[in-house]
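Protein sequence lines correspond, in order, to chains V, X, B, E, A, W, L and H.
The first sequence: position 173 = 173 (the UniProt record's numbering), numbered continuously.
The second sequence: position 167 = 167 (the UniProt record's numbering), numbered continuously.
The third sequence: position 47 = 47 (the UniProt record's numbering), numbered continuously.
The fourth sequence: position 28 = 28 (the UniProt record's numbering), numbered continuously.
The fifth sequence: position 7 = 7 (the UniProt record's numbering), numbered continuously.
The sixth sequence: position 72 = 72 (the UniProt record's numbering), numbered continuously.
The seventh sequence: position 198 = 198 (the UniProt record's numbering), numbered continuously.
The eighth sequence: position 198 = 198 (the UniProt record's numbering), numbered continuously.
Quick caveat, the hints were computed from the structure, so don't treat them as lab data.
Careful, some of the hints might be misleading.
[Stated by the list, open to error] Taking lysine to any residue pairs in the SDA-like style, the calculated list, with each CA pair at most 20 Å apart, reads:
| id | chain 1 | residue 1 | chain 2 | residue 2 |
| --- | --- | --- | --- | --- |
| 1 | A | Lys50 | A | Lys85 |
| 2 | W | Lys89 | W | Gly185 |
| 3 | H | Lys85 | H | Gly31 |
| 4 | V | Lys89 | E | Ala58 |
| 5 | B | Lys89 | B | Asp68 |
| 6 | A | Lys89 | L | Asn144 |
| 7 | W | Lys89 | W | Phe106 |
| 8 | L | Lys89 | A | Asp168 |
| 9 | V | Lys50 | V | Ser29 |
[What the hints assert, rightly or not] Derived list of chain B stretches under chain A, where covered just means 3 residues or more per stretch with a C-beta under 8 Å from a C-beta of chain A:
| id | region |
| --- | --- |
| 10 | 25-34 |
| 11 | 77-88 |
| 12 | 116-129 |
| 13 | 162-169 |
| 14 | 206-219 |
[Claimed, not checked] Partial pick of chain L residues on the chain A-facing surface, computed with a CB cut under 7 Å:
| id | residue |
| --- | --- |
| 15 | Ile140 |
| 16 | Asp168 |
| 17 | Phe172 |
| 18 | Tyr180 |
| 19 | Val203 |
From the three backbone atoms N, C-alpha and C, an ideal C-beta is built for every residue, glycine too.
Protein chains: 8
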Amino acid sequence: MTRTPHAAPGIRFDIERDRRIGLPEAVFSEGKSEEALLALFTRFANPDEKPILFTRVALERFAALPEDLRAAYDYDPLSRTAWAKTCPKHATGCAAVVSAGTADAFVTREAARTLEYLGYEVRLFEDCGVAGLWRIQAAIAEINACDVVIVAAGLDAALASVLGGLTDRPLFAVPTSVGYGIAEGGRTALSSMLASCAPGVAVMNIDNGYGAACAAARVLRLLNAS
Amino acid sequence: MTRTPHAAPGIRFDIERDRRIGLPEAVFSEGKSEEALLALFTRFANPDEKPILFTRVALERFAALPEDLRAAYDYDPLSRTAWAKTCPKHATGCAAVVSAGTADAFVTREAARTLEYLGYEVRLFEDCGVAGLWRIQAAIAEINACDVVIVAAGLDAALASVLGGLTDRPLFAVPTSVGYGIAEGGRTALSSMLASCAPGVAVMNIDNGYGAACAAARVLRLLNAS
Amino acid sequence: MTRTPHAAPGIRFDIERDRRIGLPEAVFSEGKSEEALLALFTRFANPDEKPILFTRVALERFAALPEDLRAAYDYDPLSRTAWAKTCPKHATGCAAVVSAGTADAFVTREAARTLEYLGYEVRLFEDCGVAGLWRIQAAIAEINACDVVIVAAGLDAALASVLGGLTDRPLFAVPTSVGYGIAEGGRTALSSMLASCAPGVAVMNIDNGYGAACAAARVLRLLNAS
Amino acid sequence: MTRTPHAAPGIRFDIERDRRIGLPEAVFSEGKSEEALLALFTRFANPDEKPILFTRVALERFAALPEDLRAAYDYDPLSRTAWAKTCPKHATGCAAVVSAGTADAFVTREAARTLEYLGYEVRLFEDCGVAGLWRIQAAIAEINACDVVIVAAGLDAALASVLGGLTDRPLFAVPTSVGYGIAEGGRTALSSMLASCAPGVAVMNIDNGYGAACAAARVLRLLNAS
Amino acid sequence: MTRTPHAAPGIRFDIERDRRIGLPEAVFSEGKSEEALLALFTRFANPDEKPILFTRVALERFAALPEDLRAAYDYDPLSRTAWAKTCPKHATGCAAVVSAGTADAFVTREAARTLEYLGYEVRLFEDCGVAGLWRIQAAIAEINACDVVIVAAGLDAALASVLGGLTDRPLFAVPTSVGYGIAEGGRTALSSMLASCAPGVAVMNIDNGYGAACAAARVLRLLNAS
Amino acid sequence: MTRTPHAAPGIRFDIERDRRIGLPEAVFSEGKSEEALLALFTRFANPDEKPILFTRVALERFAALPEDLRAAYDYDPLSRTAWAKTCPKHATGCAAVVSAGTADAFVTREAARTLEYLGYEVRLFEDCGVAGLWRIQAAIAEINACDVVIVAAGLDAALASVLGGLTDRPLFAVPTSVGYGIAEGGRTALSSMLASCAPGVAVMNIDNGYGAACAAARVLRLLNAS
Amino acid sequence: MTRTPHAAPGIRFDIERDRRIGLPEAVFSEGKSEEALLALFTRFANPDEKPILFTRVALERFAALPEDLRAAYDYDPLSRTAWAKTCPKHATGCAAVVSAGTADAFVTREAARTLEYLGYEVRLFEDCGVAGLWRIQAAIAEINACDVVIVAAGLDAALASVLGGLTDRPLFAVPTSVGYGIAEGGRTALSSMLASCAPGVAVMNIDNGYGAACAAARVLRLLNAS
Amino acid sequence: MTRTPHAAPGIRFDIERDRRIGLPEAVFSEGKSEEALLALFTRFANPDEKPILFTRVALERFAALPEDLRAAYDYDPLSRTAWAKTCPKHATGCAAVVSAGTADAFVTREAARTLEYLGYEVRLFEDCGVAGLWRIQAAIAEINACDVVIVAAGLDAALASVLGGLTDRPLFAVPTSVGYGIAEGGRTALSSMLASCAPGVAVMNIDNGYGAACAAARVLRLLNAS
């Protein structure tokens, strides 16, 4: 006899989060069961529900949803994010999202899409790795025209320090799991960013584009409030 | 010529374990061969055998058993536990099982099901992570009405310290492998729980819901004896 | 000009801790300044103050206190603990504190002294390492006559598993930093205890005899309450 | 024959740093020779020089300077910082610096003193560890009245997540090397903060109070500019 | 155009190894291409070739060989070893192979089969983990009747120390990758065995049953020579 | 609705790299999308494009390309490298590529193919592991007839030190991920090579045959220039 | 008041160890108090006591003993070993102790002195590191004339593999903490020895010359018995 | 009785090293006894001896030598190197030694002094860290006028990648132990350099300026030969 468990895990939505910390709760999809994910996608397809962001939705999992449900969502397979509607646009605030290589795109796009969902303007600057230093130098003026900067890099993550010495903006660095050997999994990039020789570089968990966007949004929100 | 090995690995059941340490031996199913698992499930489906708990029985492995054997067992796919019958109920003793998020459910349910099998009362308090502090505060009075507390959490496992400062009950903390990047595999949660700033938080191996239940049962047994 | 800092760090004593979790706050002396330590020793030498436990008080630091202050305290250099008075004795509850070797004594004594301070009976069983298995076998009956068991061991910490298979009592294992090479600092003992093949062994941070005593006291308190 | 080396290491001051990134270069004193440190203290005691911040100046090293030089500096032994004069005060911008325990003061004070040197207002909230949850709850309203928040914690660093769920301000978390056993050196606190269950918590290197202040200053500078 | 590489990797068989170190070269099959494995199995099926041992031959890989080739080999799927013929039997020398649990059988059997191939007598003692101490105590007299002892254990590997205190025989300990959480992959068992509190326990790489057999054979060979 | 992302990740080719550092940019294929890879293979099949090297092209990925595109490339599945045309041959310069075992071939071949692509002569010396010391001794005279030496080894990588003591040539050591247990993933080989007791052994990332070839090419280029 | 602790740690000498495992108990001096060490040295200076070996006796600690006690002992500062009398000489059995460099001498001498104390013949072969391969080649014939071999090496420990391919004797490898950077503390040497490409190399804990001697003695004892 | 050990450790100088690998043996002074160091300094002060380099000679240890011996040596306390005479100058070959900060000087100077001892020209470029990118850009033309480049950096070691993208010279990167927190000891710099996004950057052990000089000398020697 295959029993169902005592009950489905009891989700306690943190509905007041937005009011407390200025960021609505999001749904982290990895590790959720098929049933739970279906229920959540169904619930938030309802136009009466407030906007919600789904993160880490693998393409196979999104593709397994009923077609009408999929149609209700704006889904991006590279960033693995989905939403039925976004938060209202803010009056001001622009974030630059910079990457060292195209392989970091799954992280840079998660950050960019999260900021878009939260109602902020985003500009992407990809493939600016320091092995060809002219790339970041060509982009720096445009980057400095934004209010906050997110930088994603794997391998040795040297871009974070170089960028930290070229911008006066709040700078959030996201190590990516891109690399092999000693760099595999992103620990080298993480340590490198934490040990940055440029002052005031703040660091997020590996591949945490969502978190970097939230950190940037905390700053942008302050700008809107001030 | 494909030989069978010298002989099947010689299992030496520790039949006296219950008498020595108050906990019957259990069958850890991972790493056991199909043949060994089938033999064990067949043996303990016999009503004349004493109760036994199977842990870490993946759904695919349970589903591969003959239908009549499956019918003889109470199997829960989330906790991956199975039994044909439980131990006798104890006169007293209630355990609270608390989790930070629904993704920890495979551990909290293993702990809960093990305690149920051992004959103790269990109450579940799930999704109490501290990012929304009101959740644990709403549950704390009910938790403190139990005799012992198990807390399961992944990521930074901050719930263990918060709970350790809110309850006077014996508290067993189980780090879970829930998380990514630096948290992947549960080492961060494990270290965090061991370094808890609350006094007297005792820690189990990563994902070891079964062990936490056994530790709790050692306490509850003492209550029944006293 | 050598300035004093803005102000002495603002200590916020958690005076209600005892009421909340059944354990009074203790003073962890490492990392405290000379001035702070002197102030605290002076304050709690006052007979009108409630009892407080000082932990990790190195002999040099205690010896540096004024003689009359030293006279007011019961100080033990091996466990590095001090108190001016203890908590009231409890009606019931006895803890066994077991160690693998005499080099673990700084931890076993910290556990034993903490329990003595908290008002519980303690029995010491030292130098019971499994390389001479007869030692733990000679002591096991007396150990099992206690209500809870604390085991401290360094190196490979094999004693925790052996003891876990010989007692039905709640068992709190403290890895010690005793050892060299791969065992240096206690990580090997910690991992070994967490991976114990005996069920229900709960583990504390390395050298945390104080914490093990608190975990044991959470159980003993329950016995007194029941 | 004891030779002097080829030449003293050739310092290339990054004099334009302030213009590029809004933060003047600072002098990290650890690892600098006695001669180099003396030369730098002498140079920046000159009233014609621009303000400079010396960090990680151990008390013994400051005490070894000539008395007239010491008199020219505002030196704080707890934070190990020194300056001859500060940067001009900014029109707006206040930072909250929160700590889990008084042992974290060497980090919180480094952050606070750096912000003071940079011309920003600072408020200190110390000893707010979550084992006594009322402490952070008592302080949260005042914390949220500041523009940015820095949180310093060692051990399991659970305060970062709890605070992350209680404030909408940009939040920079500094793990401290406070703790022993598994927590020794600050790796556990670092991992815990990176894995925070609260969104948008950005993390600095272990004990890097200076860096957290710079990250906060990048935000405050933006507020002054907007 | 898919090119073949410059040439197949140039194997240089160490044909004189047996003469130099008393152990013939063996074929480690993991990481070898299908073609290379087929060629080697074909070559050593030839009765004119000297005996060779294949290790780490996964069942799928053996099953993929032509039927007549499979028929020429004695293959054991649990130990993943194969041979067409064994080395001559030695006049004397018996090895005990002891394990903590049945999950270690893939290692104990690799050790036992290697010794059988090398011409030595082997006795198996499985499932002797110390959580039920009577198991090793029941077997110890028979174990001590052998000349050398191999012990395989995962998790906390406490059996190595207990056995090291009960036998005067040369003792080779093999940590196994059996376990989860902190024990996953065998590092905990490895460290534990290296830190054994029993004197003279020598340790092999994780899961290296073959190496333990070779180490034992170096001793047994000496006995035959003396 | 499954959206395409904002845009394909914006590749910024570092076309001037060759002029700056003497090495043309290469395409690291892992982590690139199917579309990106197809586009790049199509572009560089054009005879008007300059030569480009594709690395880490798994056989499945190459096989998935259209047949006419595959026909335009020289692809080697063992080294996972592909090119449509090579760089011009250099007048002088020969590299020896030495390996410890045939399992290292995926790395040695990547190094050899990269050097061939860059226009240098290469000689392969495989299966020279030190367990049979005669193998490297038989090859050493021929190795020393080359200008630079690359050595690839997994496990304990002892060959790097032995070779470092037998050649006066620039020596680049590549640890490989070959091995199991403590050697799994190549960290042991990496550490061993970095700690080599032979002077002047320079080390690359794990499995980085491409990088070793580039390091050797930097030397060979100098020889052609001098 | 400075109290003496409850009692001196209760030493339980494992007096039957010799009978059980063929090796008498030894006194590991590190971490023992001055009082305990003095008591033990006094006791075993008595000619009626059986022989005992003191290990890890730092020169300062030995020098602090009373002069008449020092006169009763054979103390060697390099190996940090002391004894008042040795065990009886055995009829047969010779061990070779080989090292890579002179910096390993504190380990090789501990092994050699332990074997001398146990009554076995020892031959030393020092400074045989493989960067100058002729050194081990010059010594190998004499090494192979012994019954068992101990090899001590730090850094990359390549000597263990080279020696493992040149001798048919039981081979016990001791990693030493000699080295800096990645080799500091001996982990690299330890991993390298465990991953040795030569079959049957058994490994001891870092710097454990005493353990290697015990492992060798287990073999030599067997030779005397056979 | 304090015995001298069996004999002083038997040094076997590798006198033929220069002939085999083009680099004379050097004396690594750390871990050598006072007596051994005195003997070696005495021997090589003899004008008839060939030149020898002493590395890692701490100032205290050099200062403890007799004055006349000190007078015979060229000693540099920053690099901790000493020689009585240098090798003959080479006809050609110049090395650039670049550092990120002045705190790296103990490593850059060890590299520079070793090259000077070996008879090569050296140019120093210190304090070129990328937080102020103009520093490396100002120096790059002069760096590229040398034949080989050594780069030393601690913290995140981002300079290695930036430099790797700006020079076509053989490039040897030395991570330094400069930094704190996650960067302490140099592991972060080491990993970062190994994972460099610039092709062909070869890496040495942490703080191994001597090794980098040897690697560079292997290249420069080739230039002199060609």
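Each hint, compared with the structure:
no.: 1; hint: A:Lys50 - A:Lys85; result: holds (8 Å)
no.: 2; hint: W:Lys89 - W:Gly185; result: violated (35 Å)
no.: 3; hint: H:Lys85 - H:Gly31; result: violated (24 Å)
no.: 4; hint: V:Lys89 - E:Ala58; result: violated (50 Å)
no.: 5; hint: B:Lys89 - B:Asp68; result: violated (27 Å)
no.: 6; hint: A:Lys89 - L:Asn144; result: violated (24 Å)
no.: 7; hint: W:Lys89 - W:Phe106; result: violated (24 Å)
no.: 8; hint: L:Lys89 - A:Asp168; result: holds (18 Å)
no.: 9; hint: V:Lys50 - V:Ser29; result: holds (18 Å)
no.: 10; hint: 25-34; result: violated (count 0)
no.: 11; hint: 77-88; result: violated (count 0)
no.: 12; hint: 116-129; result: violated (count 1)
no.: 13; hint: 162-169; result: holds (count 4)
no.: 14; hint: 206-219; result: violated (count 0)
no.: 15; hint: Ile140; result: violated (10 Å)
no.: 16; hint: Asp168; result: holds (4 Å)
no.: 17; hint: Phe172; result: holds (6 Å)
no.: 18; hint: Tyr180; result: violated (22 Å)
no.: 19; hint: Val203; result: holds (5 Å)
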